[in-house]
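Each chain, written out:
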Amino acid sequence: MLEYEVREIRMLFWNRILQGAPPQAHEVDEALLAFTREADSEARLAFTLLRACAEIAKSGTETMQRYLKVALLCWFSAVAIAGERSSYHKAISRKPHVHEIVNRRITWHEAASIVGVNPDDYTARQRLMKRLQAECAIHWVRVFGNETRNPFEVVIDHV
Amino acid sequence: MFNEDFTPFESLAFHIIKHEATPSSEGPHISMDILLGLLDETLPSIDQERARAHLAMCDSCADRFAQLQDVSQTEAQSLKNERWGTLPNYLESQRAKSAKARLFRFFSSALPKPRLRRKLLAAWSLASAIVIAIALIIGGLHPEFLFGPSVSNNSGLSAKAIAASSTIPERTALEVIAALDHTVVYYVSPGDTWASVAQEYIGDASWWPLLIVFNRDNPEASRGMLPAVGAPLLVPQRPISP
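Protein chains in written order, with numbering that gives the first Met the number 0: chain A, 0 to 158; chain B, 0 to 241.
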């Protein structure tokens, strides 16, 4: 499978998480694991983050799932592309697709209001990031072992 | 959002996402059929998901899809306006149509058989002709029966007469006549003038010639003189706004 095809599958899973229908953990592994072990570092990082997000979206608390969506809305919307699409003038739905939000520069506050959570709850955001970082670290070790440096260095015991 | 308060982990996560969602020119583009299927949601679910995933990675396809969406919305709107107008109007017309249809069905079922229907129609036509003929005969003898009261009032006033004998326009005079139909009798008091009476009863002193015309049966008034104190004058029941 070509690199862009693998990326397309990952994008499919990102969309599902944003849509509120996250994939099962084993589904992600089955679809991507085999191709990711041999992939470049960018693809490995992407798989690990996706796997961690899928885990939280599936098994995290409801609050954490919502804040995860807020974070993803902000991150994807901050991806810059050339030009401007007409869809930018439309309101963002509560279940957007990635192609509808890229380059829209949604702030944390805006994303929080779209999802319906308190934008000023910094603790919830911190808790999410810690959990996400820990999940990433776990999955990095699980898939790539300890031979390579873990970019998500974290004290896993805290999870 | 965040650059100001980014933790190292968040910076890394954003870097990953950025790499993940930045469109590239790699790979084949999706066909117009798939884009159209995505637009009208006729694609199978998994194909829709794949197509949307591709749109996130391919600027060219995402642009084409956005253009399709715009065209589709414009066309849908124009089609809707062309065929139905606004939705409330459309619903209203549908309701009217169904009401008409119900009425038609009701009367159709209530009508007698065709042969009898022809006889009834002939009888009705004859009766109508007789009624019209009678009305015309009576109308010739008593026009007001057909045409209602003439523009003259009870005193025989006409707009033309008023206009001819004063500076009041004929059209205004017509309105005044209508008001004068509701007349009252006023008895001349000491110190009265045509102008003062006109001011009080018509609402404008300059309309005093109208009172003369209206009281032309009175010999003094017909000569332009105010009748003696205590003499009756016909005046409008309520002031008129000229």
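Quick caveat, the hints were computed from the structure, so don't treat them as lab data.
Be aware that a few hints might be false.
Claimed, not checked - Under the rule of at most 25 Å between Cα atoms (straight-line distance), these lysine-lysine pairs were calculated in the DSS-like manner:
#1 A/K129 x B/K17
#2 B/K17 x A/K94
#3 B/K17 x A/K89
#4 B/K118 x A/K57
#5 A/K57 x A/K89
#6 A/K129 x A/K57
What the hints assert, rightly or not - Simulated restraints, written as ranges between beta carbons of each label pair:
#7 A/E37 x B/E40: 34 to 42 Å
#8 A/H108 x B/P43: 31 to 39 Å
#9 A/H25 x B/D46: 32 to 40 Å
#10 A/R93 x B/S44: 29 to 37 Å
#11 B/F5 x A/E29: 29 to 37 Å
#12 A/K129 x B/M31: 45 to 53 Å
#13 B/P27 x A/D120: 41 to 49 Å
#14 A/A81 x B/E40: 23 to 31 Å
#15 B/V70 x A/N149: 17 to 25 Å
#16 B/F5 x A/M0: 43 to 51 Å
#17 A/E37 x B/V70: 37 to 45 Å
#18 A/R141 x B/V70: 27 to 35 Å
C-beta: ideal position from N, C-alpha, C; glycine also.
B/P43 and A/H108 - C-beta distance against the hinted 31 to 39 Å: 38 Å, holds
Whether the CB-CB distance between B/P27 and A/D120 falls inside 41 to 49 Å: 44 Å, holds
29 to 37 Å as the expected CB spacing between B/S44 and A/R93, which holds or is violated: About 19 Å separates the Cβ atoms of A/R93 and B/S44, which means 29 to 37 Å is violated.
Verdict for A/E37, B/V70 (Cβ pair) under range 37 to 45 Å: Given a distance of about 43 Å, which is inside 37 to 45 Å, the answer is holds.
Beta-carbon spacing of A/K129 to B/M31 - inside the hinted bounds 45 to 53 Å or not: 46 Å, holds
Hint consistency between B/K17 and A/K94 [alpha-carbon to alpha-carbon, up to 25 Å]: 20 Å, holds
Beta-carbon spacing of B/F5 to A/M0 - inside the hinted bounds 43 to 51 Å or not: 33 Å, violated
Straight-line alpha-carbon gap B/K17 to A/K89, limit 25 Å: 22 Å, holds
Pair hint outcome, B/K118 versus A/K57 [Cα-Cα no greater than 25 Å]: 83 Å, violated
Verdict for A/A81, B/E40 (Cβ pair) under range 23 to 31 Å: 29 Å, holds
A/E29 and B/F5 - C-beta distance against the hinted 29 to 37 Å: For B/F5 and A/E29 the Cβ distance comes to about 33 Å; the hint holds.
Range hint 32 to 40 Å (beta carbons of A/H25 and B/D46) holds or violated: For A/H25 and B/D46 the Cβ distance comes to about 23 Å; the hint is violated.
Hint compliance for this structure: hints 4, 5, 9, 10, 15, 16 and 18 are not met, and every other hint is.
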